[in-house]
Amino acid sequence: MTTTPRSNPRPGFVLEVDQKTPPVVFPHGSSFTLETLPQKTSRVLYPSEPFAAAAETTAMIADAFAAPQGSAPLSDLLKANTKLTIVFSDISYPYPAMRKPDIRQQVIEHVLELAASAGCDDVHLIAATGLQRKMTDKEFRHVLGDRICGSFDSDQLYSHNAYDRDALTTLSAKGGESFSLNTRVAESDLVVAVNVCSHPTHSGWHLFTNGLSDYQASYEQNNPTLAKKASSVADTKKSAAYKVAQKQGQLLDKYGPTIFHIEAVVNNNVYGDGPLRVLQKREWEWNLRDKAAFGALRKGLTQLAGLASRKAGNAWRAPYETIALHCGDVAAVHNASVEKLLEQNVVPVEGQSDILTMGLSDFGPHSVDSTQNPLLALAEGLGTVFNNYIGKPLVRKGGVIIMSHPMKASFDPVHHSPHIDFFEEVIKETTDAPTIEETYADRFVNDDWYKHLHQTGFSFHGGHPLQLWYQLGAALTHVAQVIVVGGDTETVRTLGLKPASTLQDALEMAEAVVGKDATLSHVASPHLIAHVS
Amino acid sequence: MTVDLSASKRIAVTGATGFLGTALVERLLRCVPNCEIVLLVRPGKKSSPEKRAKREIFRNDAFDTHLKAVGKDQFWEEIERRVTVIAGDVGTDGLGLDESGRSALKTCDTVIHSAATVSFDAALDTAVEVNLLGPTRIAKTLQDLESDAHLVAVSTCYVAGNRRGKADEELLSDTPFHIDVDWRQEVKAARRVRSDSDAESRTSAKLSDFRKEAEAELGAAGTPLLAAKTEQIRQRWAHDQLVEAGRARAKSLGWPDAYAYTKALGERALHESKGSVPVSIVRPSIIESAWAEPKPGWIKGFRMAEPIIISYARGLLKAFPGVPEGIVDVIPVDLVVAAIINVTLRGHDKSDKIDITQVASGSRNPLHYRRLVTLAKEWFTQNPVYDSLGQPIAVPEFTFPGRNAVEKKLDWLQRGLTQADKSLKLFPLRGKKALLNAELEDRKNQVDRAAGYVKIYGSYAECEALYGVDNLLGLHNSLSKANQKAMGCDPQIVDWDHYVTKVHLPSIIKHARVKTTPTKTDTTSREARLRKRVLAPERQIAAFDFENTIVAGNVVSNYAWLATQNMNTFERGRFTAKLMAEVPSFMSLDKQDRTDFLRHFYRRYEGFSVEEMARLAPKILTDHILPNAYPAALRRIREHKRLGHHTVLVTGALDIVIEPLKPLFDYVICSQMTQHNGRYSGELLDIPPTGEVRAQRLREYAKSQDIDLGESVAYGDSPSDLPLLDAVGFPVAVNPETRLASTAMKRGWLIEYWTKAQGGNTQPVLPLSPLPTKTRSSS
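Chains as they are written, first to last, in our numbering: chain S, 1 to 533; chain D, 534 to 1312.
Misleading hints may appear alongside valid ones.
As the list claims (entries may be wrong) - These stretches of chain S come out as covered by chain D in the derived footprint (C-beta under 8 Å, 3 or more residues):
#1 369-378
#2 393-401
#3 413-421
Hint data in this document are derived by calculation from the structure and do not stem from the laboratory.
Here a beta-carbon is modelled for each residue, glycine too, at the ideal position from N, C-alpha and C.
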């Protein structure tokens, strides 16, 4: 049997666990575990196999630019005196990072060629880093390639600065709403946005509302009050955060600069056909070679010390392929991207379960070249995976979430300065989001030291940990208990969760909440979207 | 002659601040209602005699019973009315009395002299001045004043010396054991020993030894602190010489120690020089806690047997010299007080004869050594002392070896611990590991102390004299039945089993503040308390050392990082090898003088481009400082800032290195290099802020801001930060080095253990900068 029949990928699949079902792979930090799920009451949601690339990249780009949606062709918009700003999504997505050449590089090279032939020479390239850290030289080179990086100085190619009020322009609507936008972007004649997305949330206005604005914009989408409302990240009809972002986008559309939006949709091919392909195969289809490969991989990862295994994980570059590329009007492109993303990632499933289990890897948008600290891991599990549904959550109200992650209190001193302090000073005092908002938010958001570290170094915005914590709100109000398997006991308790040493222990603990013979759903990939009917 | 408790006498008392003296004053005040008391009190260094009397005598819990009975107002009124405090010192001729003191003394009917240097390890000359000459000085003063007051001098049974058999209540010169030494010669000799040992302590060889010892203890703490420490060590050495001289002289003449020896000669001197002054001598044996008055178990200060008992309870002392059938001659303080008061009220027959009363239990109601040990073992088994982890300490099976065996064993243990202590100090330990050393030092001190007790008190165990108490019993029997009840002094009254287990042991355990509950020592609450004080809003400056307080690293690592900025792999290899080879010489230079080291080391920066260094500032932050920083330190600085404290960085590091941290501080004290043509010269602009210069610069800053350093905080990690830490009211040791750890523990400072963030991406052995990547604009 071939591993990935790309020409005809099998769709997402729900496996009912029975006596023939082998143990299931759970990512666990930078390693993996094999867990046996209870028979008859459990089901495993598998994502679809990776879709094939739409076409050869150059051809795909040419095709897309030839037929922009709801907009004139880019070549018509570019003039010799056009003040042009190319904004692009930063290194956070997709995660793990993409193998070279990054699709953004290929698209931007094409845009620059068009600009050059139009004689346009006032060009800035801005990474839409939002509350994330600045990108490093190495990362710029990874995303954009040496040619682009070699052609622009640091005053033409740089990361957005969410702190610098002088570099932000406020766009105000008549109704009183306002939105702060990167001044260079706001004052440009033409903004070309280059986005790469693997999930509906990151498509469309997100690049602007979360990448080129200030803390306030993120806060409006994600705060303790809003977090209690339905906050699916995939359900564009229901998500409260999405609605706010859309409103911000409309304001931007009306009062902001002209935008030519380009969006590449990548598939879920994280491990490819190489030595790690076993991680993308369904367990019951493993052959002897796969089993041996998995055994060797696990052994290798466990034998590497913390830093080394983290480095091994950080070094992984995924061989994603572009399955769709659209350009033109933001809304039109967004709709086309979302359609493709849902086609690739949705797994239909019937009804909710009592228990939701998930294995969390150290891959995450905010741990690129650093470490998946406990706040990030928790946000990944409760913010992203839990909220990745259409219809209703995969776990019922009052149910239990069990996640597997080492949860070591290990923070990157350069990237995660505010996170360290948030964990030590805030979480050890209270885990209640409204209290945190009231007591600590102002201090973290407006802290001069974090600002200094963000602007001169590579630290996240002081408000970033708050944003992570607010993301947990929906999950924490929805379920009765969250259990962490194999996590550092002290850290797990500090985070306000229950520690368990094995999955079996966790299931025993869950039984006390949801009763005997509870139903269980396991999601095999953080990328899949459960469509729960 | 009878004893009349209602007699209206005017009684002068010396040594009232002591254990016996306080009990005596209390009893006189409470039980001899018509007497008036004149207290001869030595002025303290800072407080007047009146203040000392109030604090050290009347506020003592001995007076609780009386205070409760009469009420606060009447209590103080009574003291005002009946007690006169005069300044005086039995250690100087004429008792250091002024005119009013002399006239107050002149009006007294009786002088009770209980002042003594009872410390068994007192310096010889101090013991001579107080114990030997004290009684004579009083007698002389009374003669000068033409007073006919009765002098009741408190001595000790042990004047009889180390001998077996009966020792009666008679003058030593009347016994066949009398050795005829001239006390005047002894005084002269003692004073000579003082000047001799002082002179020897000032020889260059000795001074250099002391200096070395100070350096070993403090490290590179700067000249002023080292000088102070050296002087402290010198004085201690000279004092130890005097203690040893006293012990040796006493032993050579057959007394157990300098105390007994000086007391014995004091009796003789008094006998010779008393003139017409009527003299009574009261000789107690070993005075211990009260049997009944002012309350059972009452004790003041740590007496002879207590440290031994506590050492035993802590499991440190498994043996103490002595024979099991030997007698431990202990006498509760209230019996001694009663005897003195009875002698006082009975008066003297005005004859030329000195009458002697011994207050001892051995011949009348003996407590055998084995019985005492058995009782103590039983009691400590039922009421164990707990260690810091909350585990009960099992008391050891007590053996009764000879003195030499015990000394040898302790000596062995002592040497082992000293060696371990020395070895540990050789390692550059930090943080919690350094505490190991501090604990070892603590343990070593305990063993040192135990060994000291054996050395000092062991000789008493060899003293098997039986002290006759005929006069004491005579006195007791002469009392009316009522007075026998109120002021009886017959040792027969003591029930030793009850006394040891119900009175004495519970009392001294309480007194010694040892742990008697199985709770773990709650260091967190102590730490939290200290931390709260450090972070109180009223603090004014928070001064931080840089290297190893905020950031793990040192000037060498800073340099290595900066110097390797533009090197390729090969050059780095060569650079590293060269630098590593120099490390030993850096270490020894740093040990000798930090300022010289910095000057020497910073020469390396000669020729570095000023512009290039400025450009590197953000990179230093990201690649060097943050990965090595203690996040808790950064948090603490900012917490101080939030509280409105002035945050100050005090470091020998170069300004170019600490540049990225400047936003955290209101003021920075650091090293700066001079520049020439856009290049650094490698020479420093100022004296680098190390050792005492740090404290000096901080003081200057505080003065300029009108800030009180007593209300300020300083953080440091090594002994070289001591001047800085000493300069403020609230010092904090961060991951302290061994020597600072023990200092911090001894002085009760807050100790913080801060670690680097665990998720750092680079943890190189030598902090070289990452290999240069092509910058965007350069290609």
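Here is how each hint holds up against the structure:
no.: 1; hint: 369-378; result: holds (count 4)
no.: 2; hint: 393-401; result: violated (count 0)
no.: 3; hint: 413-421; result: holds (count 6)
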